[in-house]
Structures are given as C-alpha cells and as structure tokens.
Amino acid sequence: MRELKDELDACLRRLFPLCRSLTGEANRQTLHILNEIAPLTIHEVPTGTAVYDWMVPDEWNIRDAWISGPQGHRIVDFQSSNLHVVGYSEPVELDCDWAQLKPHLHIHPNLPEAIPYRTSYYQRDWGFCVTHAQYAELERAQGSFHVVIDSDLKPGSLTYGEILLPGQSTQEILISCYLCHPSMANDSLSGVLLAAFLARHLAGRERLHYSYRIVFVPETLGAIAYCAQNEQAMKNIDMALVITTAGGPGKFGYKQSWNIAHPINRLVEEVFRESGEDFITYPFDVHGSDERQYSSQGFRINCATISKDRYYEYPEYHSSLDNLDFVTAGQLEESFDLYLRLIDKLESRRVYRNRIPHCEAMLSKRALYPTTGGAQRPELNGRSELDLMLWILFLSDGRQSTADIASTLGIEVKDVESIVEKLIEKEVLEHV
Amino acid sequence: MRELKDELDACLRRLFPLCRSLTGEANRQTLHILNEIAPLTIHEVPTGTAVYDWMVPDEWNIRDAWISGPQGHRIVDFQSSNLHVVGYSEPVELDCDWAQLKPHLHIHPNLPEAIPYRTSYYQRDWGFCVTHAQYAELERAQGSFHVVIDSDLKPGSLTYGEILLPGQSTQEILISCYLCHPSMANDSLSGVLLAAFLARHLAGRERLHYSYRIVFVPETLGAIAYCAQNEQAMKNIDMALVITTAGGPGKFGYKQSWNIAHPINRLVEEVFRESGEDFITYPFDVHGSDERQYSSQGFRINCATISKDRYYEYPEYHSSLDNLDFVTAGQLEESFDLYLRLIDKLESRRVYRNRIPHCEAMLSKRALYPTTGGAQRPELNGRSELDLMLWILFLSDGRQSTADIASTLGIEVKDVESIVEKLIEKEVLEHV
Amino acid sequence: MRELKDELDACLRRLFPLCRSLTGEANRQTLHILNEIAPLTIHEVPTGTAVYDWMVPDEWNIRDAWISGPQGHRIVDFQSSNLHVVGYSEPVELDCDWAQLKPHLHIHPNLPEAIPYRTSYYQRDWGFCVTHAQYAELERAQGSFHVVIDSDLKPGSLTYGEILLPGQSTQEILISCYLCHPSMANDSLSGVLLAAFLARHLAGRERLHYSYRIVFVPETLGAIAYCAQNEQAMKNIDMALVITTAGGPGKFGYKQSWNIAHPINRLVEEVFRESGEDFITYPFDVHGSDERQYSSQGFRINCATISKDRYYEYPEYHSSLDNLDFVTAGQLEESFDLYLRLIDKLESRRVYRNRIPHCEAMLSKRALYPTTGGAQRPELNGRSELDLMLWILFLSDGRQSTADIASTLGIEVKDVESIVEKLIEKEVLEHV
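Taken in sequence, the protein lines are chains A, B and C.
Those letters in the first sequence? Residues 3 to 434, per the numbering used here, in order.
Those letters in the second sequence? Residues 3 to 434, per the numbering used here, in order.
Those letters in the third sequence? Residues 3 to 434, per the numbering used here, in order.
Just so you know, not all the hints are guaranteed correct.
Distance condition first, Cα-Cα at most 35 Å in a straight line; then the derived DSBU-like pairs of lysine-lysine [claimed, not checked]:
1) A/428 x C/428
2) C/237 x B/237
3) A/367 x C/416
4) C/104 x A/424
5) A/237 x B/237
6) B/237 x C/156
7) A/237 x B/367
8) C/367 x C/253
9) C/367 x B/156
10) B/156 x C/428
11) A/104 x B/424
12) A/428 x C/104
13) B/428 x A/156
14) C/424 x B/104
15) B/237 x C/367
16) A/156 x B/367
17) C/237 x A/428
18) C/428 x A/367
Rather than coming from a laboratory, the hints here were simulated on the basis of the structure.
In isolation and in its complexed conformation, chain A is listed as follows (with noise of 0.2 Å):
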C-alpha cells in the first residue's frame, strides 16, 4: 500500500496550486492531470447554456493579481496564494485610497492568520482575501495603493470530466466529485482524487457488477449542467456516492441518503462497524453538495458521502489553513480504504432473478438433484442443500438482495450466495 500513498501524496502536491473555479484553465489541466490517474472524457458546456434554473456564466482566466502599497512592494499576491482573490473577480488596474480598497477586501471572522476563500460568481465584482496581518499593513499604509487584477471573464465554457465503467448490470452507481475549488486540500480535493483512483481501481477490476458513472464537475452549476445533459441517465440512477471533505486529520462520518431506509446507509455502517472506526452519523440535510442536485425531486438519488473532517465541521474550513499540513496522503489513503470496502460491499449485493419462473428448475438435468427420487424425506435436518436452493428459486424475484433472502431464511448471507453461485453457473438464476 506504500505505493498508493505515494502516488497520492504526488498528486496532491500537483493539484494543490492550480487554481480551479466554476470555469477556466486549472479546471482543464486539473482533468488532464486526472486523465493519467483514469481515462476520462472531458465535456465542455458553452458560456450561455441553459441548465435548468441556471445559465453557464461566462469563462473566467487569472493569471495574477496583488496590491502593492506606496512603497511599491506586493503587500497581496496571488503568486504566493490564489485564495488572496475572489473567485470570479472581474480585471481590475486602478489606484485607491484605503477607503476605495477597504470594502474590497475580505478577512477571515475566526482565524487571523487564514486567508479565507470566496467567490462572487453571479455577480460581477472584485475583491482580495486576506491575513488579519495584511489587513492590518494595508489599514496602516499611507498612501494610494496599486491594484491589479489581471483576470479576464468572456464566454468560454464550463469543463468537467466523465467515466463511464460498464459493468455485468444495466443499474449503473453514481460517483460525484467537485473540481472547482482553488488551493483547497480537503474541500474538493481530497474528493477528486479518491474518484479518480475508486475510477481506476474499478477500471481495473476483472469483472463489474454495477455500471459506474463518476463525473468530476464544478459543485452545483457543474452537476446542473450534468444533470440537464444526462436527465435520463440520471433518473434511472437509485445510488450515489457524493465524496468530498474526506483527507482531514479528524473524525469520519458519513451523511445519510434522503431516504434513511435504502441500503446504501445500512452498508455504509456496516463498512465503518466492519473496519472498526468510529463514526458520526450526519442525518440528511439539504445543505451539503451536489447530493442537493441529486437529491432533488426530478431525481431523488440516495446519494451517501464518507467524510474524514467534513465540511462545515473543521475550523479550517474555506481558508488557507485547509492545506497540505491540513490533509496527508496517509488519511487519504483510509479514507480510500473505506470507500474500497463499500464498494465491495454495493459489488457484493446481489439481486437475482429465477430465469425460470413458471414451474419449478429441473434440477437433475443441471446435476443439482438427488437422481434416484422417492427419499424416504428430504433431509431436513438442519437444512438440505436442496431445501435452500428451492426457497433461492422461490424468492428470487429480480428485487429481493441475498440479504434480504438470507433474513427471510434465518441463515448466513454466505450461505445463500454459495448456492446462488452454482445456480449461477447453471444459468437458472441471474443477476439483475
């Protein structure tokens, strides 16, 4: 596993710096940095488009920003941290008195030395992030400051990336990861890459049951568009993974699906009771990410998310301070484990329909039946081989789970899949 680690831990510090939004270049070299982790096919959805409610704004490019103080010198820059802009900042080159600049800039409420991290991408504006020590030198200069925003905004698009993994099944799992955040390590992050290497692990699987759907969008417009551009596709979907915030130091939790009942949240427990992690539940909200789209009623998937220091819930949330001290390719690297473990779980659920339906399987042509008949009774101590396999076929409807059979049973899961293999393998029963 040292390798993995490693491969994550250069990753990281390759996507760290590059500053990602809702649209532009970084998205791009982002993806193309992705493409090398698991082929991925990258979509562009032109400035203009209608996406449901929304529309795709125009595409926005920085290559530098700062102010420098009448001394001259880069009081901010955007070479030492892109979070000192606000994303989506319209080009700026003005000089301004304290006063002009002041309600421009933004500082953290809680952690003085944090650059926090904002947008403005609706409404054309400008503005700096700042330390509480900037701000403060700023505040103290005398003198006209230089201002510089050397961004541009004109149409463009809106990128994202998509792999479709076929599996055995026809019912394809959702994994959706956000790309749009600049040098944030948790937030956004930590996400793309564990769906870049779940991808890439599946890919590499001999066999899939499931189909797979992982999509690397910009948070909300990016899973609208995606959405709108797949509306089938995406109602046919029943189950998510939405991952994000999943590299902290901290505690894991997960956020349960809209519908508290479907399986995905009794296996995800399972999966953290299994490795022995302890976990906070975080019940169903609509605030979150693009479990929001998800969710919604259009669609209404159960998405579920694994968090190791979930949004909202770490100080260092939206700032500076969530950063490669913050995040390590180690708690990632658990995180990935986890994620491995529900996907074998979901790989592991198996729903089977009787191919026979009207009468009973002839068995003793499939060598799966006693040849000389008349027994004095079947061997119901305990229970037969023979007796399991009759109650599989009788209730293998296409939507019971061998779970759900082997509770009915009152016997192991185990138990009810090893004979569902030979059933398999003697084509009376498939999976659906």
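Given the structure of chain A, go ahead and fit chains B and C onto it with the hints provided.
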C-alpha cells in the same frame, strides 16, 4: 354582525311559506329569491330525463286544497299550512265518507299538535296530513266530506340552482344544500340560507384559493341529476360540505365523511375546538342527505356536515313544529360562523409544488440567496431562512400541505407559510 | 353416507394394484376407472414435448419382473408387489452374481418388512426394492441369479385427466391430485379418489358459483406439462386445493398457502374449528406436492392441502406399508367431509359489485323501499333492512366479500346474504 342576523331573519320569513317540493314553481321562486343574495344560474332538467337509475317525474304544482265537512267549512286547509297536503298529491275533487277518507289521512305518531310531513313522489296517490285534533274532528263528523286538491302533475322539469366561484386552484370544493322541503325551517331551509350566504361571502372575498361549486338541488333526485349532468367535474372533487339542519336551538354536531382519515374531518374538529363549542360526532352513515349520492362508489367525495339539531334527532323533525319558533336567525348565524371558520381553514390549507423539480432553483437570481459565496458555514444557529427555504423546496411535491411540512420540520405552520409566500412571489413554488 | 364409504372402498381395492408411474398404460386405466366416477377428458402429451424447463420422457410400461436364485425360484417377484421394481427401470434380462446384483437393490432404512418406493425417471437404470428378509436371502444365496425386467421405454406420451365444471363466475378454483404412484394408498391414491368424488359432487350440484378445474396429473412433470399447456388459464387462477395423503389413520393437518393472508387459509381453519377436529398447521414450504409448481413465480396460486397423515410425516410413507391396512374408506370419507365443508365455504364466499356505482339505486321502483317518503326517522332500532341494504350497496365494490362486509357492519354473514339475494334478484348487485 347585527346586519347579517337581520338579513337571515328576513329571508327565513320570506322563504318559509313557499310550498317547495321535488319540482315546481315554488322551487323556482326560492331560487329567484336566493339569487338576490348570491347570483346563481337556474337549470331545468325536463320530465322524463333519465339520470342514472332514476328518471325525472312530472312537475307538481299546487294552488289550493281542503277537506270540508258536512257543515261546509274547511276542517283542513292548505292555506293555513302547506304541510297539510302530502307532497306530489294528484288532483282530487270528490265527496266521500269517513271510511273512504281515512286511508288518505296521516297524523304524527308522537306530537299531537303537529302536522307531519309526507310525500309520495313516485307513486301516484293523494293525502292529507293533519293534527290529532283535526283527525278527531273529521272522525267525529257525520256525513259526507268534500275533498279538493287543486294540483297538477304534468310534464315540466326539475329545477336547481348552481354557483361556480373560480379560485386560484382548479381543485373544487362542493357545497350542497337541498331546497325541496315546504314550510320546514331547520330541515332544508336552514341549509339553503347558509349556502346562499356562504356563497355571497365567498364571492366577496378578494381571492379564493379553491374553486367552489355551490348547488341548490332537490334532495336525492336533484343531487343525482346534478351528478349525472356534471359527472366528470364531480369525479374530480375530493371534498364537500353538505349543509342541512343547522339552525335549531340544540347542540352542534358534525357528520364525518366516509374516509375518517380525510383532512376535512380533522379541520371540522379543529373549528369546534378553537371556537370552544361542544359538539356531537356522528360517524359516517349511508343514511343522511345528499352525501349519500356524493359518497357513492362512482364519486367517493368526502362530505362533512356541521349541524345544529341534526335531522332524525330533534322531535320536531319532519313536522310543522320545525318552524320559525324552532329556528332563529341568531342560531343560524352561529352555524354560519362555524362554517366560515371552516372555510378559512380550508382556504388556508396550502399545498405547493416546486416548479423547478430538477436540481435546485437558482435563488441568487431571485434575490433569495447571499450573493457572496463561500461563507464559512450556513447560519445553523437556530434555523436560517435559507435553510428552511431549501427544505420547503425539497418537500413541496404537490401532495404535502404546509401543515405537513411544518410538522416534518418541527416548526410552526406560519413560519413555513411566510417563506412559501416569498417562494411563490418569486415563482419557484406554485399552489396546487 | 354408508354408500359413499362402500364406493370409496371398492375404488381403493380396484385402483390400488395398478402399477402407475410417470407415464404408461396403468395411468390410462386409472383415468378410465375415474371416468366412471366423474366424466373426464384424457389428454396425452407426447414424448419429447418441451414443457418449460422439462421434457416429456419416453413412456414406460412393465409387464413382469423377478429375480430368481440359483434354485430357480423367484425370490423377488413383481407379481407380488409392483413396488419391487424401481420405477422406470429399463428392460433387463441377465444372469449375474451377488456382487453385480447388489448395487441394484434398495431396502427401506427403517422398516425391515417394507418394500421401499424408488424411481429413476430421468436417468436410465434398473433396480429392485426388497424387504430386509429378501435382501438377506439374496445375499445368502450361493451361485448365479437370473434377473428379468420385462419393461419397455419408448416414445409414447404422458397422460393426464381434466374436468372443467363451469360455474356462474369465470373465476376458477383448481383442484389437483397426482396419479403417478404405484401401489401406495395414502400417498397419491387417497388424493386421486377424493378429487374424483369431489368432482362428482360438484358436477351434481344444482348450481356452482366458482368454476372448477380438476386435474389428475403425474406429480411434478404432469403439473408442469399442465401449466405449460394451460398457461393463460393458470395465470388467472387465484386459489387451489392440492389433495394428497388424506386417508391415513393419524391426525388431520393443513398446509398453508404461500401468502398466509389469503382467505383460503382462514377458511380451512374455520372448517377444522367448526367440525371440532384438531389439526396440525404446516406452514408453506417449497417442498411438498404440486403446489410447488402452482405457487411458482409465474403463477403464484395460493394452494391449500388438507391431509390426514401428511407425506413425510408417517413412517409408512413411500413404502409398501402405505397400503389398504393403513388407508381405509372410513378415513377417506372423513377427509372428504372436510373438503366438502371447505367447498361449501368457498361456494358461499360471495363478492358482489353494485351495478349502479353512481349515486344511489332507486329502490322504490324495485319495491325495495317504503313508498311513502318523509318518515319521522329510519328504523334504527336494531338495524332495518333498508339500512343494511344501503350499506351493502355502499360497500359492494367487487372486492369485499359478504363476510368482509358482515364484519364491517358487525352483523351475521347470513343477514348480509339474505339482503344480497334480494339485491341480485332486483339486478342491483352482481356476482363477481
């Protein structure tokens, strides 16, 4: 409120004397008077029209009737009470003795001084309803009687009145009363007046949520004819108020609708509780008034009735003692107030549908969202308006009322509704 | 009842000796004898016919078989019991020693004096079933054995019998028994005779409510062939009686249908309770008789079985001790009586539909209503017939049975039914 009582009193006095029946001129006169209260459309269903299992009979009109004794004076006189003649009595002019007369006389079994109410709509017959004293006088009289019923039974029509008040919703509430009874004040007339004054009130409201269908029909056959002529509309109706016997001096009561879990029952009980009125609960019964038709298998409308001295229960029922001593304008007004409260409750019942079912609505373009993104955390201290807004949009699926949603969210209905108002104004929610 | 017992006794003696099997002449002879009890149609399904997952094999007939020892006398002789030969044994004529003979011998594991019952339908083989004493004699014998099985296995057909009794309703009840066992009295033969005598009884009834489909099939393959050839009809059947092992000296029992809430289960329990019989309840099981086919996913018919010494449970099961000492005509008659009571219950189960679903039926034109309207109050002292009539019309929606309605109204079923009769006569209700 002084005024309404006076109006009710004037109307009671004006309408009480008319000899209404299943059909006839007095029904038309009644509708014309009601038209002064609330404009209505008068419909005529011709004799011979088949309505489901029934057929509209000949129209009945009566001008005069009496039994004079051997001395020539009128012992029984239609002019002193229209209840003296069995409804739908065929025309008669004959001289007869006591033995011939006796089978045509009806007395009240319990109330000696009362004239009972009798009809013979579907079997040609004639008869007189008399007090015990009149019966004794006739029995004692020696010699021949002269019997006259100056009526006619000939092709005409069944008459009903209808008021359609469009509301914002296409969902309709049916209000039904029956106008087929002659001089009886609680049974029939109280309901007719309440329906008319409720119609006037509703028509005068600035806005109505529900649409209202208010009908003044002869009981049973009129309701059946109405259903037959408006079958599709009636099949779309979910709830109704069948107004009758609401003006007595006794206790309030309400008859439940056939589906005890229907909200109309809960709303009526709330009205009683909130107004501090004690009340009798009558479970749904196949006996009763026109809910018998509206609740039948073809329609299954949930009908509630608020009563004050309900039919069957008061001794004066179906007799000349159900008169203007028994029913007063003040009592009627009390029932009117309860019905108004119920209508307020119905009108304030709100079911909404998110007009943007796919993904989230873009709140910022509607000035419903903070324009600077990336806040450190949503205001979860208590529950922010944004939080509630998102939940309300998530839950408003066109089936759950604001009361249901308030209960799910554990907040007050008014808090749901104040947010709903904003969302409607911004055209994100729509009323259903 | 003397006569029926005698008839049953005669039939038992006549049918017991025939060497029935999956196919063959003895099955046809059996059906011809049953045809004397209740006329039936004989169907032949040719060898090689595919029926769902199965195929009809060659037809088997046997004339004689024996093992003679070194001294030349028959130690094992088919003429003394047809159970001596494994069902579907291929023809054999050979001389062999003990080592060669031994693998072809079968003894009963628990009952030394019994000949066990064995078949080998789908794997070509031959064999003899013997008592422990015979086995010992063969083992002790010095020298060579002469073994003869004078059978043949060649293209022919599978034979089944069918009786269709049309009732007033198009809804059918399936009665199924299996005729594929040689000389065993409780297993198979008891069910065959009960089915035939029930058919005669039903055919003799003046009127039948349900239609009946009574089938005499070889177990498993015959039921499967029947389903395949009558798929659509079988899919429309809701309930069945699978009759078997109903003639033993032991306890009554009943096997529940797959859906425990199905009325058939309640009705069987009522039969037992009302006849004061103690009984064993066997929950539904995928083992059993032809309910295995009828309950499969493609049909999901609810099948009940009333048994007396049920299969699997009595020691003599599947052996020569399941004979006419074990089964008596008297015992069979007891089961016949219970099945008759059940059929009475089924026949008296009534589900009606109001033919006038919109508004009320006009009762007066059908002489079902007092002709003088305006009674002071309906006769609610107790419950008037009119009251019940209105309720029955309100509730008769084609799904609720009279028993359901009686339970809703808190009255006796017979009171519901006496009113239903009137309403049917007047063509207001119809049977479904």
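Against the structure, the hints come out as follows:
1. About 60 Å separates the Cα atoms of residue 428 of chain A and residue 428 of chain C, which puts this hinted pair outside 35 Å; it is violated.
2. Of the supplied pair hints, the one linking residue 237 of chain C and residue 237 of chain B holds, its CA atoms being roughly 33 Å apart against a limit of 35 Å.
3. Annotation: proposed proximity of residue 367 of chain A to residue 416 of chain C is violated, straight-line Cα distance about 54 Å (limit 35 Å).
4. Proximity of residue 104 of chain C to residue 424 of chain A is assessed by CA-CA distance (about 33 Å); at most 35 Å being required, the pair is judged to hold.
5. About 32 Å separates the Cα atoms of residue 237 of chain A and residue 237 of chain B, which keeps this hinted pair within 35 Å; it holds.
6. For the suggested pair residue 237 of chain B and residue 156 of chain C, the alpha carbons sit about 66 Å apart, so the restraint of at most 35 Å is broken.
7. With a C-alpha separation of about 26 Å, the suggested pair residue 237 of chain A and residue 367 of chain B falls inside the 35 Å cut-off, and the hint holds.
8. About 56 Å separates the Cα atoms of residue 367 of chain C and residue 253 of chain C, which puts this hinted pair outside 35 Å; it is violated.
9. Simply put, residue 367 of chain C and residue 156 of chain B have alpha-carbon atoms about 20 Å apart, close enough for the 35 Å limit, and the pair holds.
10. Taken as a hint, the residue 156 of chain B and residue 428 of chain C pair is honoured in the structure, with Cα atoms around 29 Å apart against an allowance of 35 Å.
11. Of the pairs offered as hints, the one joining residue 104 of chain A and residue 424 of chain B holds, with about 33 Å between alpha carbons and a cut-off of 35 Å not exceeded.
12. A hinted pair counts as satisfied when its Cα atoms are at most 35 Å apart, and residue 428 of chain A with residue 104 of chain C qualifies at roughly 33 Å.
13. Distance hint between residue 428 of chain B and residue 156 of chain A is fulfilled; the C-alpha atoms sit about 29 Å from each other, no more than 35 Å.
14. Taking the CA atoms of residue 424 of chain C and residue 104 of chain B, the gap is near 33 Å; set against the 35 Å cutoff, the hint holds.
15. Distance check on the hinted pair: residue 237 of chain B and residue 367 of chain C sit about 26 Å apart at the alpha-carbon level, within 35 Å; holds.
16. For the hint pairing residue 156 of chain A with residue 367 of chain B, the CA-to-CA distance comes to about 20 Å; that is within 35 Å, so the pair holds.
17. About 27 Å separates the Cα atoms of residue 237 of chain C and residue 428 of chain A, which keeps this hinted pair within 35 Å; it holds.
18. The suggested pairing of residue 428 of chain C with residue 367 of chain A is violated, with an alpha-carbon distance near 59 Å, which exceeds 35 Å.
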